[in-house]
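With the hints as extra help, turn the sequences into a complete structure.
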Amino acid sequence: MTPRVPLVVVGGGPAGMAAAAEAAGAGLPALLLDESPLPGGQIYRLPPEGFAPPVVDVATARGHRLRADTLRGDRLRAELAASGAEVRGATSVLGVWPDRTILWATGDASGTLHAERIVLATGARERAVPFPGWTLPGVMTAGAVQSFVGGMGVRPGSAALVAGTGPLLLVVALQLHEAGVRVKAVLEAGRPPLSPRLWLGLWSARDHLRAALAHGRTLRRAGIPIHLGHTIFAARGRGEVEAAEWGPVDPRDWRPRRDRRNFAEVDLVVAAFGLVPNTELAELAGCAHEHDPACGTRVPVRDSAMRTTVPGLFAAGDGAGIGGALSAEDEGRIAGIRAAQHAGALATAEADRRCAGPLARRAALAPLRAFLGEWSRPRPGLCELADDDTQVCRCEEVTLAEVRAALAAGARDLGEIKLRTRLGMGACQGRNCAAAAAEIVGRVRRCAPADAGAIHPRPPARTVSLGALAGMEHQP
Amino acid sequence: MTARRVVIAGGGVIGCSVAWYAARRGLEVTLVDRPQRGKATTASAGGLWARGEAVGLGCGVILYKKALAERGAAAVPPPQPLPRAFLDFALASNALFPELARELLAEAAIDIEFARTSLLFLLYDAGDVAYAETVCRPGSYGGDAVERLSPEDVARAEPAISSAIRGALRVRGDDQVNPYKLAQGLEAAARARGARFLSGVDVTGVHVENGRVRAVGTDAGEIPCDVLVNAAGAWAPEVARLAGVDHLPVRPVRGQIVCTEHLPPLLSACVSTTECYLLQKRHGEILIGSTTEEVGFDPGVTPQAMRTLAAGAVRAVPSLAHAGVKRVWSGFRPGTPDELPILGPVEGLAGYLNACGHFRTGIVTSPLTGLVIAELAAGGTPSVDVGPFLLARFRR
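Order-wise, the sequence lines are chains A and B. Each residue of the first sequence is one higher than the one before, starting from 0 at the first, in numbering that gives the first Met the number 0. Each residue of the second sequence is one higher than the one before, starting from 0 at the first, in numbering that gives the first Met the number 0.
Take these hints with a grain of salt, some might be off.
To spell it out: a stretch of chain B is covered by chain A in this simulated footprint if at least three of its residues, at any positions, have a beta carbon under 8 Å from a beta carbon of chain A; those stretches are [to be verified]: (1) 33 to 42; (2) 93 to 99; (3) 175 to 188; (4) 192 to 206; (5) 320 to 330.
It should be emphasised that the hints constitute simulated quantities derived from the structure, not laboratory data. Beta carbons: idealized from backbone N, C-alpha and C, even for Gly.
Below you can see the structure in the form of structure tokens.
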């Protein structure tokens with residue numbers, strides 16, 4: 000008999016921790032499942048056991064944001080612990096079914112449970128933007144740099160180019176600088192949006208804006224140039240990064256202007272082109288999705304109570320649309336409170352009262368979200384960074400030339416390209432390549448990337464051993 | 000003479016094979032296909048088990064064992080081999096593969112990954128041994144192609160396979176192919192001979208005049224034709240109904256498959272047991288199949304199937320316990336009441352040919368199906384009698 004659980008929260012980042020804490024605090028027993036041994040998510044991750052204290056002393060660092068993040072993470076962890084929610088770490092969720100059956104795995108064990116309610120707080124992954132040399136050792140995502148520097152106290156290189164878009168660029172550049180890495184330039188592909196409406200809205204988010212401007216000033220004082228409207232063109236080197244080509248992009252679609260390229264001798268290229276929500280579980284559960292231009296991919300349809308179209312299933316945080324850690328925490332609170340209300344643990348009036356604060360904060364952040372969304376929305380010209388030999392799918396080593404050949408041979412969408420080239424058939428099951436491949440298909444077939452087809456997610460959402468599945472407990 | 004115009008509904012391996020053999024004969028071919036989840040060709044594992052399937056290896060023994068466990072020996076009849084006519088058809092079709100593989104490589108530069116693997120049936124218990132004896136009996140379907148292996152023979156040939164077995168049967172000639180490369184190769188070769196492929200197009204009507212198919216309506220316009228070939232797999236009844244053929248007894252029978260990550264070479268033969276079958280493909284993945292489920296067009300996968308298939312795989316090949324699972328998928332076999340395909344004309348409707356209902360054996364029977372249907376479409380005599388496979392057999 001499959002155990003029944005009143006509420007399962009999938010993911011232990013800010014959204015998941017807040018959801019579980021709110022629900023348990025309201026008297027609804029909550030079970031939080033997270034892949035990491037300890038909750039925190041990508042942003043509040045604790046260093047693995049046995050690693051030296053970080054190079055950057057977070058208590059004294061000039062980058063106050065780091066310190067603030069650590070404090071916020073600690074506070075959320077304490078709130079979660081005090082709420083009485085049960086936390087099961089090192090546990091992956093492999094699938095969610097429309098009847099709210101959950102298949103989980105930990106180590107060499109797996110099992111099913113039936114959740115009466117689910118909050119999906121699955122977070123986001125970094126967008127992969129293929130460019131020549133992007134698979135060379137020495138090319139890293141912002142998250143990887145942060146785990147090295149912030150999490151493990153490891154310096155990932157000695158001279159770096161930091162390229163991409165969004166506020167994370169400045170944070171990462173600062174972290175690298177403070178860790179003693181020579182940051183040669185920060186390349187922000189986007190430019191400030193022109194719409195006065197977007198600027199006016201920023202008033203409610205002026206504190207965040209001030210923090211970003213402070214980061215910028217610190218970088219300038221350190222002599223690190225910030226180039227707006229520029230990006231990485233290629234990473235070069237034999238076996239690892241030795242140099243990089245970079246230059247301006249067309250302001251409309253971010254197409255590289257190769258005629259005006261520059262060179263830099265670096266051993267580290269940070270590629271931080273924003274985040275993509277992890278929607279696999281919401282898709283498996285049968286939630287309706289819609290295209291979100293800000294992140295360029297599909298996100299679950301939700302109402303203001305964080306309800307998806309599947310009854311009893313809520314989605315919160317960056318896994319349902321990119322809004323950042325603060326917004327994620329508030330969405331998690333709303334989802335946890337509404338789940339408690341759904342279970343009858345909270346009266347409607349009390350649930351409304353508890354949601355008021357998070358809703359107001361989320362609303363206050365919305366203009367900033369809109370501003371950054373417009374600034375950093377991925378533009379189609381980025382897919383011109385890749386050349387024929389660039390791997391679009393690194394799991395199966397499928398190059399752009401092979402994708403083009405498949406299109407020329409009659410493939411119409413991502414599904415057909417997958418069957419012809421094996422793109423998306425590797426370990427990541429298309430999680431990393433699908434967005435970029437959709438851009439390429441859209442470009443060639445002259446359709447919106449959203450109409451370029453999809454690589455449908457299938458269980459398991461995380462790789463699991465056959466032995467763990469063979470020993471599955473409690474199947475329905 | 001003007002080429003006869005053939006419209007094929009369905010772009011799976013059967014439709015593509017008909018397209019190739021028809022285009023090769025000089026017919027004017029248009030294939031229409033719509034996107035659909037759970038297409039059997041792309042979901043298939045690609046076993047070419049002509050003999051094995053005819054005697055019930057592959058999914059047959061898995062289903063039998065499951066029925067035994069659920070309902071007891073008294074309620075479950077022992078597995079019956081399929082009729083001789085099917086074995087002959089499947090063997091003749093299987094024999095076309097080596098030549099087809101060469102042709103598709105030459106015509107379309109597509110390697111269908113045809114591999115001479117043979118099929119091993121592992122004997123776990125006395126029931127398996129008794130079953131194996133019926134297959135080896137003189138005059139049975141096994142014939143000279145089947146060989147008994149001792150546990151030591153198996154250990155030598157396939158060191159990864161469990162030693163906790165009573166032996167195995169090896170069926171020679173039951174090999175494997177990459178099913179979607181096969182479909183792509185057939186499509187590309189057919190295109191090279193002038194066939195038109197309209198994907199993302201739905202058949203919306205069939206224009207019948209004086210008992211003869213005149214045109215096929217699609218959401219991309221009407222296509223005049225002399226022959227309509229219904230190769231729509233599990234969806235074939237929809238196309239048949241549009242042509243006025245109301246009782247095409249084809250239904251979706253879901254099968255689930257578990258796919259591992261890339262593994263070093265672990266299995267040379269395809270493996271069949273009473274719990275699952277396993278095939279290691281060219282790229283190193285091992286496919287573990289499959290279930291037989293009557294759930295309509297539900298393209299989902301289930302935790303139960305993941306557990307039973309994983310457990311079956313680990314029992315057969317213990318080291319697989321540590322192998323990662325990348326993906327689990329499902330597809331709809333076009334099932335028929337007697338498990339045989341439905342091929343050829345129907346009474347009272349000229350210019351309509353069935354090429355559907357291939358159930359578990361569509362990959363292995365695709366070449367001969369394509370050949371025979373192309374011959375019929377061209378107005379000729381088929382090289383194999385389709386009498387046993389006519390729709391009319393269900394009315395008798």
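Comparing the hints with the structure gives:
1. 33 to 42: holds (count 3)
2. 93 to 99: violated (count 0)
3. 175 to 188: n = 4 at 8 Å, threshold three: holds.
4. 192 to 206: Per the Cβ count (3), the hint holds.
5. 320 to 330: holds (count 9)
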